[in-house]
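Trainee: This is what each chain is made of:
There are 2 protein chains.
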Amino acid sequence: MTDTLPAAAAVTTAPHPRLSLNQATIKYADLATALRLTADAGVSSIGLWREPVAEVGLETAVRLVADSGLRVSSLCRGGFITVPEGPARRAAIDDNRRAINETAALGAPTLVLVAGGLPAGSRDLIGARDRVRDAIGELAGEARAAGVTLAIEPLHPMYASDRAVISTLGQALDIAEQFGADVVGVVVDTFHVWWDPALAAQVARAGAGGYIASYQVCDWATPLPTDVLLARHYPGDGVIDFAAVSALVQAAGYTGDVEVEIFNQAIWDTPAADVVARTVASFTATVAPHL
Amino acid sequence: MTDTLPAAAAVTTAPHPRLSLNQATIKYADLATALRLTADAGVSSIGLWREPVAEVGLETAVRLVADSGLRVSSLCRGGFITVPEGPARRAAIDDNRRAINETAALGAPTLVLVAGGLPAGSRDLIGARDRVRDAIGELAGEARAAGVTLAIEPLHPMYASDRAVISTLGQALDIAEQFGADVVGVVVDTFHVWWDPALAAQVARAGAGGYIASYQVCDWATPLPTDVLLARHYPGDGVIDFAAVSALVQAAGYTGDVEVEIFNQAIWDTPAADVVARTVASFTATVAPHL
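Chains as they are written, first to last, in my numbering: chain A, 127 to 417; chain B, 127 to 417.
Just so you know, not all the hints are guaranteed correct.
What the hints assert, rightly or not - Label-pair distances were calculated between CB atoms; the ranges are:
1) Ala-140/B - Ala-330/A: 50 to 56 Å
2) Pro-143/B - Ala-411/A: 55 to 61 Å
3) Ala-373/B - Gly-212/A: 25 to 31 Å
4) Gly-335/B - Ala-180/A: 50 to 56 Å
5) Ala-324/B - Ala-403/A: 39 to 45 Å
6) Ala-231/B - Ala-324/A: 57 to 63 Å
7) Pro-210/B - Gly-233/A: 48 to 54 Å
8) Gly-212/A - Leu-184/B: 56 to 62 Å
9) Gly-379/B - Gly-212/A: 39 to 45 Å
10) Pro-213/A - Pro-143/B: 46 to 52 Å
11) Ala-403/A - Gly-212/B: 37 to 43 Å
12) Gly-306/B - Ala-407/A: 46 to 52 Å
Source of the hints: derived by calculation from the structure; they are not laboratory data. This one's a predicted model, so the numbers in the text were calculated from it and none came from an experiment. Where a beta carbon is used, it is the ideal one built from N, C-alpha and C, also for glycine.
Construct the complete structure from the given sequences, taking the supplied hints into account.
Mentor: Put into structure tokens, the structure is as follows:
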């Protein structure tokens, strides 16, 4: 035994060129800090969120991104389009229009859409799902004109009532295919889809049509925390087989950025630079070998 | 305003003849008490659990059931058959054999199977699912001989890692159809399947083949409790559209008992007679009109 590491252990591998840090993983960092930490870690891409962009204003955000030299893999997020016709629905559609413009301005190819849950007091799941499709129909023209892909993110079924009525990849594809892959795609997020018995078939279907707009990775572990929104973990810290899922996504022809997006209070409470380092390490060990 | 109710309000409707009280809803009642409370409420069927049966011994349980005049709609539960070959798997298979015998002795048509989660340390979800099918293959002969239907219960995907690797009705049917409806069926439990975009199609498929062995009802509401196992509510207290789901199950031709099965700490902490009354009332208001 020795208390000094051999020299080789100190050599750090550069992050995989397709790794993108989703900004939500370092939720409390402002935009400038998130860009700096990402670039400093040698990561070449970042997934942005609208709130920290809005904090500095879109023009400043565009300049900060340009100065950083980073790619923007996606903007999170639009959606929340399940309410019936009326002023609230019009406001939601308008907000998505602004999100499309922000996505284009930031040079991101993809706007991530989270459908939204059942409207308050409603039990009409099918109606809510139909309204998601209808809203995408309203937005598709503007997205196409802006060169932005609207990426429907199916969320885990435990969020079906209060957050996203789109629960499976197959269901997201049923909508996307009505519009075409040039304007509507899907997000494959391991946390949300790992359990799906139809996963292999639906990833293949998505890939064959060119519908995979984003691949996001984080891990699932139990017991779930009290707030199930914050149940995500670094790749490798849970039960998801990243080799198997990544092989499916690779075989489906997806060649874009792979975002690590983690909502986890303990991780948010850790210094952001440490989180970025840990993100790179977990991705290098768990996901990168399968890309 | 008056402080006396009109006479009509005091008239109570008899419980629907297809209502069955699943014993887990009054978890802390022993078998004799559960049978008595169920019969006293005018409910004609009960779903039993193995643990309270074992407490009094099978022979005594059989006599208590006969004396109660109640039907036994199902026995919960077998399953937990995801571990790889070895002594633990043999023990699990043997335990399921005992459960089949208990089901037959109690005169129940159906043994409910919960698949089990990923074995400790495993990420091989597909392998675990294959082992569920294989175990059912080992048990099918004895179930057929005993006149017991093995009813695979798909559990909500939030339990896929630690409790049940069978997550959708379609997946359960993929297994059941390998054996035939005379020996393997599926459980349609609203709490587990309400979110499924394929629900209508899969209930119809199950009904067409005669595979619906049990219909269980309880409601989904958020936020989820810290222990997500205990997230179930009385029908009507959440977001599930019991009219729509019950109509699907009716249209699929299911004519058997309908169990109310609720895991909820606050309900368990309520006097059992009150829980039975509330179960009858919620079923009468929410489910019975659609049967």
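Trainee: Falls inside 57 to 63 Å, the C-beta gap from Ala-231/B to Ala-324/A?
Mentor: violated, 39 Å
Trainee: 50 to 56 Å was suggested as the range; check whether the CB atoms of Gly-335/B and Ala-180/A agree with it.
Mentor: holds, 54 Å
Trainee: Falls inside 48 to 54 Å, the C-beta gap from Pro-210/B to Gly-233/A?
Mentor: holds, 49 Å
Trainee: Okay, Gly-212/A versus Leu-184/B on CB: inside 56 to 62 Å?
Mentor: holds, 60 Å
Trainee: Taking the CB of Ala-373/B and the CB of Gly-212/A, does the distance hold inside 25 to 31 Å?
Mentor: Cβ of Ala-373/B to Cβ of Gly-212/A: about 28 Å, so the range 25 to 31 Å holds.
Trainee: Starting from the range 39 to 45 Å, see whether the pair Ala-324/B and Ala-403/A falls in it by beta-carbon distance.
Mentor: Holds, since Ala-324/B and Ala-403/A (Cβ atoms, about 42 Å apart) stay within the stated range.
Trainee: Is 46 to 52 Å a correct range for the gap between the Cβ atoms of Pro-213/A and Pro-143/B?
Mentor: The hint (46 to 52 Å, Cβ to Cβ) holds, given that Pro-213/A and Pro-143/B are roughly 48 Å apart.
Trainee: A range of 55 to 61 Å was offered for this pair. Does it hold for the Cβ distance of Pro-143/B and Ala-411/A?
Mentor: Given a distance of about 59 Å, which is inside 55 to 61 Å, the answer is holds.
Trainee: Could you say whether the range 50 to 56 Å given as a hint is met by the Cβ separation of Ala-140/B and Ala-330/A?
Mentor: 53 Å Cβ-Cβ, so the 50 to 56 Å window holds.
Trainee: Look at the Cβ atoms of Ala-403/A and Gly-212/B and judge whether their distance stays inside 37 to 43 Å.
Mentor: holds, 40 Å
Trainee: With 46 to 52 Å as the target window, see if Gly-306/B and Ala-407/A comply at their CB atoms.
Mentor: holds, 51 Å
Trainee: Verify the CB-CB distance for Gly-379/B and Gly-212/A against the hinted window 39 to 45 Å.
Mentor: Hint holds: Cβ distance 40 Å, inside 39 to 45 Å.
The structure fails hint 6 only (numbered hints given earlier).
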